[in-house]
Every structure is written in structure tokens, then in C-alpha cells.
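Asks: This is what each chain is made of:
There are 2 protein chains.
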Amino acid sequence: MNRPAPDLSRLSLNQETVRQLPLPELAAALERTGVPGVGLWRGPVQQYGPEAAARLARDHGLTVTSLCRGGFFTAAGPAERRRALDDNRAALDEAAALGTGTLVLVSGGLPDGSRDLPGARERVADALAELGPYAQERGVRLAIEPLHPMYASDRCVVSTLGQALDLAERFPAERVGVVVDTYHLWWDERVPEQIARAGAAGRIAAFQVADWVTPLPEGVLLGRGQLGDGSVDLRGFRRQVDAAGYQGPVEVEIFNPRLWERDGAEVLAQTAQRYAEHVLG
Amino acid sequence: MNRPAPDLSRLSLNQETVRQLPLPELAAALERTGVPGVGLWRGPVQQYGPEAAARLARDHGLTVTSLCRGGFFTAAGPAERRRALDDNRAALDEAAALGTGTLVLVSGGLPDGSRDLPGARERVADALAELGPYAQERGVRLAIEPLHPMYASDRCVVSTLGQALDLAERFPAERVGVVVDTYHLWWDERVPEQIARAGAAGRIAAFQVADWVTPLPEGVLLGRGQLGDGSVDLRGFRRQVDAAGYQGPVEVEIFNPRLWERDGAEVLAQTAQRYAEHVLG
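If you read the sequences in order, they're chains A and B.
Its first residue numbered 1, the first sequence is counted upward by one per residue in full-length UniProt numbering.
Its first residue numbered 1, the second sequence is counted upward by one per residue in full-length UniProt numbering.
It should be emphasised that the hints constitute simulated quantities derived from the structure, not laboratory data.
None of the values given here were measured: they were computed from a predicted structure.
Glycine is no exception: its CB is placed at the ideal position from the N, C-alpha and C atoms.
Check each hint, because a few of them may be wrong.
[Stated by the list, open to error] Computed from the model, here is a short list of chain B residues facing chain A with C-beta under 10 Å:
#	residue
1	Leu110
2	Arg115
3	Leu117
4	Tyr151
5	Val157
6	Asp166
7	Asp188
8	Glu189
9	Thr214
10	Pro217
11	Val220
12	Gly230
13	Ser231
14	Asp233
[Said to hold, decoys possible] Computed list of chain A residues with no C-beta within reach of chain B, every gap over 10 Å:
#	residue
15	Gln46
16	Arg123
17	Tyr134
18	Glu137
19	Glu174
20	Ala200
21	Gln226
22	Trp260
23	Glu266
24	Ala276
25	Glu277
The task is simple: from the sequences and hints, build the whole structure.
Replies: Listed below in C-alpha cells is the structure:
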């Protein structure tokens with residue numbers, strides 16, 4: 001007897017998970033595997049052209065679930081701040097062209113030599129205020145992604161879901177939401193209550209999954225684990241997010257050179273199988 | 001004009017900061033530099049003999065501010081748990097022999113294959129309950145050290161000061177306290193209120209300082225920064241701890257191979273100078 005095919009209707013693959021696949025091959029492989037969603041990155045989208053990428057996704061029946069990423073709002077100087085805002089407006093235009101409603105934002109770390117975390121966090125709020133109307137006009141929501149505290153100095157001063165919600169709630173829910181990413185949040189015992197809070201307020205803009213594995217590599221950027229290989233209770237997370245009222249895509253986003261060395265289509269098939277085994281049900 | 005000599009009366013050096021120095025050389029160098037405190041580790045103390053180490057410290061006018069470390073309480077099997085408790089009783093005996101009132105505890109990570117963080121945290125509480133009376137009889141306080149969330153899976157399931165206090169407060173303050181370590185806690189915006197809470201309840205058993213620098217090395221264990229080299233507002237931390245009523249030692253604990261490669265006495269002198277510049281005042 002064959003097992004019934006798993007329900008992949010909510011699955012989305014973030015393209016960085018299989019960065020070895022050029023966009024057209026990725027789109028074709030997703031369609032073949034029955035994965036209906038894709039999360040895209042600005043670099044490859046710009047290279048391919050946002051309109052062409054949108055057409056490619058449509059031709060393969062794919063929904064673009066998010067664009068990664070805007071943000072990096074924490075610079076203190078006015079010229080740098082202006083550049084960051086301009087770049088985020090361009091990202092919002094690209095997101096609109098792709099037809100995705102979600103621009104993922106990584107806040108940025110501490111400016112060189114600074115030790116002022118609260119000040120940097122306040123500049124993130126300033127940028128959200130400035131970008132909010134522009135985003136709303138384009139039908140794109142700004143999605144604040146709290147990153148693991150190990151990135152607080154050099155990448156993202158927003159480290160917990162609670163902090164991200166405190167920021168988001170200064171703005172209307174249709175303008176600013178949050179990203180719930182298991183890799184960044186799994187250690188935090190307050191996450192269940194914060195997921196409930198986010199869901200009740202309609203703030204969950206994206207749900208991303210990756211597993212936590214050790215040892216962490218130098219620089220700690222490229223050490224995410226394939227689903228099921230690590231310490232995260234992925235199914236428990238998914239159930240909490242669902243119970244909070246979220247019905248959107250589940251986007252797998254894994255940065256790991258060991259996945260990139262393999263055949264992309266094979267990694268995609270494995271990921272769909274791991275999703276069925278460790279996230280669904 | 002010479003500047004007045006800095007007040008080193010609260011400074012303690014954790015021996016791992018200059019692990020290149022054997023215990024007798026370390027003790028002599030500390031006395032020469034005018035550093036009155038030392039934090040010791042079980043390995044070198046066992047090798048030298050706890051009573052001999054206590055005598056050495058006394059002969060050089062040094063106070064042993066802490067012993068590192070007990071803990072690793074999260075194993076699920078009864079035999080492993082019994083071994084861990086026995087080992088912690090031995091550590092308490094060693095701490096008593098050294099005349100220090102503080103045994104630093106690193107809780108332990110998730111057992112192999114487990115994804116149950118709440119369960120592991122509960123086993124830490126069980127161990128504290130079991131060891132509490134034994135510790136109190138020896139005049140040693142169990143000091144729960146929250147470690148940075150990047151260690152949650154493989155080293156310490158207690159990741160925030162709030163969590164450590166929730167655990168500690170199940171027990172009398174004279175039995176169980178917490179360690180406030182800037183390296184582990186600097187990113188957490190709730191730390192100011194948690195330091196105030198810890199101080200008000202007399203729960204601050206130790207205050208340790210190191211700076212946060214990136215990129216993190218592979219395994220993320222040996223990447224702590226010399227005071228002043230990184231992102232942590234060390235002076236702000238020290239002021240908060242003081243304002244909470246803590247009057248004990250300030251222990252510098254830096255794990256960094258670049259310090260170990262240098263002349264130990266020179267690192268010690270630099271550390272005292274950095275302490276004066278970045279922690280005092």
C-alpha cells in the first residue's frame with residue numbers, strides 16, 4: 001500500500017535553501033514537486049528582472065510568499081539613513097512587481113563603535129514610520145524579522161518576537177507585521193505567548209522554518225539545519241502559529257553549504273518529505 | 001602629573017582569561033598587579049589540590065570569588081543524573097575548601113535527540129532542590145548562570161536572567177543565586193528590570209564581565225572580547241548591578257585564544273587597565 005501523498009498546499013521554499021538552482025530551474029522543480037510557494041531574494045530577482053520573475057512564477061503556478069529583504073535601518077548618519085530608505089523603497093517596488101504582500105526586514109546591527117542598542121532600535125521604528133505609507137500604497141506589508149540574539153551586534157538589533165511586536169504595534173497591522181522564524185526564536189520560552197499575541201492582532205506576516213544544529217560555523221550565518229536534523233520542535237511551533245489563527249504559507253529557509261553542494265532538485269524533494277514528516281500533522 | 005592609580009579593590013580575574021599562567025604564577029602576578037580576587041576552575045584546582053590552592057590564594061592575599069563550574073543537570077537517565085549530582089557535590093566540597101561562597105552552575109543542554117526544552121529546564125530545578133541543603137551546609141551558594149541563547153541546545157537551557165531568577169526564586173536566596181554575565185545578557189532589553197529584581201531579592205551571586213565581538217568563531221565558545229573591544233556597555237551594566245545593591249567582586253572572564261598566546265602578566269596588566277577604563281567610573 002502506498003501512503004497518501006502529503007499535503008504540500010502550504011509549503012513554500014525560500015530560494016536560498018537551494019541557491020544552486022537558477023530561477024527558471026527552481027520554478028520548474030517546484031512545480032514538478034508540487035510545492036506551490038516560493039520565497040525570493042532581491043539579488044537574483046534583480047538579475048532576472050522583477051517582472052520576468054513574476055511571469056515565471058505565474059507560468060509555473062507559484063505564489064511568491066515573501067521577498068527577502070529590506071531593512072538595515074540602524075545607521076546613525078543622515079546620508080546613510082537616506083540611502084537605506086531609498087533602497088527599501090526600491091525593495092517595496094520589487095515586492096509589488098512580484099505580487100508578494102510581504103517584504104522581510106532585517107533591522108541592521110549596531111553602527112561601528114556604538115554600544116547603544118536602544119538608540120539603534122529607535123531608528124528602526126523611525127524607518128518603519130517613514131516607509132509605512134509607501135508600503136501600503138503598494139499593497140506590501142513590512143515584516144519585521146527578529147533574528148537570534150547572536151546577530152544583535154552585526155545584523156539585527158531586534159532579537160525577540162516580543163520586541164518585534166512592540167515595534168510593529170506602533171503601526172497599523174496592515175502596514176507592519178512580524179516574521180516568526182523557528183531558527184531565531186526556538187530557545188525563547190516566551191514565544192508561545194508572543195505567537196498568541198501576534199496572531200490575535202493579525203501581525204504574523206510570515207512563518208519560516210529551519211532547524212537548529214550545532215556546532216555553529218564561523219560567523220554563524222550558514223549553519224541552519226535541514227528540518228528534523230536539530231533541536232527545534234517544528235511541529236509544536238506550526239501548531240502554535242495555526243492556533244493563533246495564521247493560515248498562510250510555511251516557508252522553509254535554510255542557509256547551509258552542505259545543501260548547496262547537492263543536486264538542487266534532490267534537496268527540494270528531501271525538504272518536502274522532511275516538511276511532511278516534521279512540520280505537518 | 002601622574003593619574004591616580006585606579007581602584008582595583010573589586011576586581012577579580014577568572015583564571016581562564018589567562019589560562020597560560022599556572023596557578024602559582026597567576027597568584028603572584030595578581031598580587032603584583034594589585035588585583036585582589038581570582039575566579040578558579042575545577043580542573044586546575046583539582047590538579048593543584050584544593051587545599052593547596054586555598055593556601056596559595058591566602059599567601060598572596062587573594063579572595064577566591066567563584067569556582068567554575070558545576071551543573072550539567074539535564075540528562076534524562078537516572079544513572080547519568082546520579083553521576084551529575086555526585087560530581088556537583090564534589091564541586092561543592094572543592095568550593096568549600098577554597099573558601100569561596102559561589103559555585104557557578106552551567107545548566108546543561110538538551111539531551112541527544114531531545115527537543116523538550118521545558119522538560120530539561122525542569123530537571124535543572126530538580127537538581128537544585130536536591131543539592132540545596134548540601135550546598136548550604138558547606139556555606140556555598142549555587143549560582144545559576146544564564147548562558148547566551150546560542151548555547152541553548154548544547155550547553156545551557158537557561159538563556160535569560162529572567163529564567164534564571166524564575167528558577168532561583170523557587171529556593172531560599174542563601175541557597176540559590178544567579179550570575180550576571182555581560183557576555184551572555186547584553187542583547188536582552190529586559191536585563192535592566194531583571195537586574196533590579198535580582199538585586200532586590202539578594203540573588204546576585206556573581207557579576208562577570210567580557211565584551212561581545214564578531215565574527216564569532218566556529219563553535220562560538222572562544223570568541224569573547226577584551227573589555228572595551230566590543231559592543232557591550234560595560235559601565236552601564238556595572239552601574240545597574242551596583243544600583244541594585246550588589247557590592248561584590250567584578251570578575252573578568254574572557255575565553256579567547258588571542259589572549260592565551262600572549263604573555264600572561266601583560267594580559268593581566270592590560271585587563272586591569274581596561275577594567276579601569278571601561279567598567280569603573
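Asks: Next, verify each hint and record whether it holds.
Replies: Now for the hints, and whether the structure bears them out:
no.	hint	result
1	Leu110	holds (5 Å)
2	Arg115	holds (4 Å)
3	Leu117	holds (7 Å)
4	Tyr151	holds (9 Å)
5	Val157	holds (8 Å)
6	Asp166	holds (9 Å)
7	Asp188	holds (7 Å)
8	Glu189	holds (6 Å)
9	Thr214	holds (5 Å)
10	Pro217	holds (6 Å)
11	Val220	holds (5 Å)
12	Gly230	holds (7 Å)
13	Ser231	holds (4 Å)
14	Asp233	holds (4 Å)
15	Gln46	holds (27 Å)
16	Arg123	holds (15 Å)
17	Tyr134	holds (28 Å)
18	Glu137	holds (32 Å)
19	Glu174	holds (26 Å)
20	Ala200	holds (22 Å)
21	Gln226	holds (15 Å)
22	Trp260	holds (18 Å)
23	Glu266	holds (25 Å)
24	Ala276	holds (18 Å)
25	Glu277	holds (14 Å)
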